[in-house]
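Undergrad: Now for the letters of each chain:
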Amino acid sequence: MTQLALVIDLNVCVGCHACVTSCKEWNTSGSAGPLSDFNPYGADPTGTFFNRVQTFEVGEFPNTETVHFPKSCLHCEEPPCVPVCPTGASYKRKEDGIVLVDYDKCIGCKYCSWACPYGAREIDEQQKVMKKCTLCVDRIYDLSLPEIDRKPACVKACPTSARLFGDVHDPDSEVSQAIRENGGYPLMPEWGTQPANHYLPRRKTKLRIHEDELVRADNPLKIEGRLPKPALSEPSLDDVTSW
Amino acid sequence: MHPAFSVVFLTTLIGAGQGLFLALFTVESYAAFGLLPGQDSRFYALGSAVALGFLVAGLVASFFHLGRPERAWRSAAKWRTSWLSREVIVLPAFMGAVFLYGIAHHAGFNPLLATLPSAVPVRLTFLLGMGGTLLAFALFVCTAMIYACLRFLQEWHTPLTVINYILLGGASGFVLATALSARWAPEVAGLLGGWAMILTALACLGRAASLLRNARLKPKSSLRTAIGARHPRIVQKAQGAMGGSFNTREFFHGRTPGFLRQVKWIFLVLAFALPLGLLAAGAAGAAFIVQYLGLLAERWFFFAQANHPQNLYYQGVS
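From first to last, the protein sequence lines are chains A and B.
According to the working numbering, the first sequence holds residues 1 to 243 in order.
According to the working numbering, the second sequence holds residues 1001 to 1318 in order.
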């Protein structure tokens, strides 16, 4: 069974919002209708987005770290939003595990958004139906696109390759390897939703220098620097003279 | 959560309607077993009409909650998994039962169907009332489980939610029945008034229990599990939008903690203390109005108090 998902590498996300704008552009232009905005140039602009980048500061000054945190539907393997839907508009696809909303069946009761602990669903105030990330389902299977473009718009847009896309049930896929080898974790595991999307943590590359590496163990006389230069006629020995 | 007035009115109105029907059938049961003089069927017919009025008003209110009310018929589809879908089915079924019960009494069409060994007559309205009673309880359970089944809304995820919906709806219905009986069936006003006071006191206990429970809740989620950074101090610096979003409007009540505390004391007084006093003084009509206002406050508080874990992602704008 396939479970498509995103793996988001917080170690390389720079918080540029390219995934947000690219997602909005692709999904507001599709056949499912626009992602409505209200008051876009006014004082309180608001609108529907499938993907948002948030920023958190972790730690206390001066030991702080800025974590940019892209947030979208996690396509849970046990999606709590699906069984509560009274109409069946909200569903999880058997073939690839994508959680979708049928905009023609949704009655806009918002119950599914209450049932999502991540706040991944947003209502479209114009169309009055619930919307959420589709993993660009209208793009990843589009055979008219070159194969390299059959990826979600956010993945294509990311300048630092912080977003990986693939099948997390295939142990050899790029995403599975990334999760396995780089400590990928799900969000809010305490609710048992088993999110398919995973996040890769901040990872520090540390150079560990031991003391015996600072002072050369193979130099018992602790002689550093240039050694006296012998005359041309004298014999030369490595480590005793320099030439 | 942001309390939606459509849902506040839906749950309080149908609660009163269900309670009123249960009160009517209580009187009929007492009469069937010979514990009370039989009532004029006009009392049952009028009571059913009033109950039906409350149910219809609740149903109308619920439509204001929907973005696409014209598609509401679709919501009966997923009754296998969704409590909301079950409520959508049980509410009209219960309304039908109340309608038939009222019509049977109004038309005087009440044939004797059987007689129990102890010479208790089983009439048509008794059977209809039994069905209606089952449906009334089923509706209470469905309505409450819509909220109680959401496990990460910890304030709601408790059997007390179901118990309180039954007790609060029952109390307001019995108070309403007492008010109606004062005019239409004075000989049962004492019985109904007694039950109304008992139910109001029980509802007060149940609600107090849930208030105590919720005051001691420890949230299971934190920003640490929400973004997966293991540090006690995580501060949000941006939420991805500065003008607000669905997430900031739907899941925050936008009031101060002090305001919430005030509402709590207001509903404790209006829904429980004052009605008990007014019932004791024999002013059932006033008791119902005061209690209904109190229940509106109670339901507003019920929604506002629920703290959705998604709010962790919306702690600061910039």
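Think of the hints as simulated: they come from the structure by calculation, not from any bench.
Yeah, the Cβ is synthetic: ideal placement off N, Cα and C, and Gly gets one too.
Check the hints yourself; a few may be wrong.
Said to hold, decoys possible - Which bits of chain A does chain B cover? Going by a derived footprint, with three or more residues having C-beta under 8 Å, they are:
#1 45-58
#2 67-75
#3 85-97
#4 103-117
#5 146-158
#6 198-210
What the hints assert, rightly or not - With a cut-off of at most 27 Å between alpha-carbon atoms, the simulated DSS-like pairs for lysine-lysine come out as follows:
#7 A/204 <-> B/1218
#8 A/156 <-> A/110
#9 A/105 <-> A/92
#10 A/110 <-> B/1264
#11 A/94 <-> A/151
#12 A/94 <-> A/105
#13 B/1220 <-> A/151
#14 B/1237 <-> A/204
#15 A/204 <-> A/156
#16 A/94 <-> A/110
#17 B/1218 <-> B/1264
#18 A/229 <-> A/206
Said to hold, decoys possible - Far from chain A, by Cβ distances over 12 Å, these chain B residues were calculated:
#19 1146
#20 1182
#21 1198
#22 1270
#23 1278
#24 1309
Undergrad: Indicate, hint by hint, whether the structure satisfies it.
TA: Verification of the supplied hints:
1. 45-58: holds (count 12)
2. 67-75: holds (count 3)
3. 85-97: holds (count 5)
4. 103-117: With 12 residues close enough to chain B, the hint holds.
5. 146-158: The restraint on the segment 146-158 of chain A is violated, since only 0 of its residues have a Cβ under 8 Å from chain B and three are required.
6. 198-210: That given contact holds, which follows from 3 residues of the segment 198-210 of chain A lying within Cβ reach (below 8 Å) of chain B.
7. A/204 <-> B/1218: violated, 33 Å
8. A/156 <-> A/110: violated, 31 Å
9. A/105 <-> A/92: holds, 15 Å
10. A/110 <-> B/1264: holds, 26 Å
11. A/94 <-> A/151: Distance ~19 Å between residue 94 of chain A and residue 151 of chain A Cα, so the pair holds.
12. A/94 <-> A/105: Cα-Cα ~19 Å, so holds.
13. B/1220 <-> A/151: Given that 27 Å is the threshold and the Cα spacing comes to 35 Å, the pair is violated.
14. B/1237 <-> A/204: With a Cα-Cα distance of about 22 Å, the restraint between residue 1237 of chain B and residue 204 of chain A holds, given a limit of 27 Å.
15. A/204 <-> A/156: holds, 26 Å
16. A/94 <-> A/110: holds, 24 Å
17. B/1218 <-> B/1264: Holds - the C-alpha atoms of residue 1264 of chain B and residue 1218 of chain B are around 20 Å apart, at most 27 Å.
18. A/229 <-> A/206: violated, 39 Å
19. 1146: The claim is violated: residue 1146 of chain B sits with its nearest Cβ about 7 Å from chain A, within 12 Å.
20. 1182: The assertion about residue 1182 of chain B holds, with a minimum of 39 Å to chain A.
21. 1198: holds, 34 Å
22. 1270: Its Cβ never comes within 12 Å of chain A, the nearest being 27 Å, so this holds.
23. 1278: Holds, since 36 Å exceeds 12 Å.
24. 1309: Check fails; 4 Å does not lie beyond 12 Å.
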